[in-house]
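In this text, residue positions in the sequence shown follow the numbering used here: the first is 1, and each later residue adds one.
Simulated pairs of lysine to aspartate or glutamate, EDC-like, Cα-Cα distance not exceeding 20 angstroms:
no., residue 1, residue 2
1, K59, D84
2, K79, E14
3, K44, E11
4, K148, E109
5, K44, D66
6, K161, D84
7, K8, D30
8, K161, D125
9, K82, D116
10, K44, D30
11, K79, D66
12, K32, E11
13, K90, E158
14, K98, D116
15, K76, E41
16, K90, D125
17, K82, D117
18, K126, E109
19, K152, E137
20, K82, E137
Please keep in mind that the hints were generated in silico from the structure rather than gathered at the bench.
Values in this document were obtained by computation on a predicted structure and should not be read as measured data.
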Amino acid sequence: KAARFGVKSYELCESSTGYTWNLFVYTGSDMKFTCPLINTETQKSEAIVLELVHQLFGKGYTLWMDNFYNNPYLAKLLKDQKTDCVGTIKLNRQGITKDIQKSKINKGEIQAVHSDDVSITKWRDKRVVSLISTYHEVGMVSCTVNNKEVLKPGIVVEYNKNMGGVDLSDQML
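Could you put the whole structure together from the sequences, leaning on the hints where they help?
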């Protein structure tokens, strides 16, 4: 359950060191954003991402985000600004085709769809994991889990490796 009171902040952190590159404190629904791509049609979660990263557009960075922020429209918008993004995604988001939403896959199977430089990958391990990426190829890589060689999608391995920047930043506070 979310806290009723407190300060809500959003951070953009470097994934390997936890360095906080940008942050802002949420001041309410009437908050003013400075990113020129934000307009009245922009969803709040998209506006948060764009506000944090717009000064880095065109410099070849990759954003690693969780499913609260990701959607196909935002991924395409970031790619158009020469900024890649990768992360988990909820399959009920607008812009995701029904065939990948509804399909049943068995453990170890992978399914992917591509459109406009954006790919959505669905993989089943113990449960279904869905990810979005603007630069990953669909493919399995070998990795060691509990001293056993297993195959996982490359995007899953990279996501697990790169997603901890905000957690590292929080540890340093």
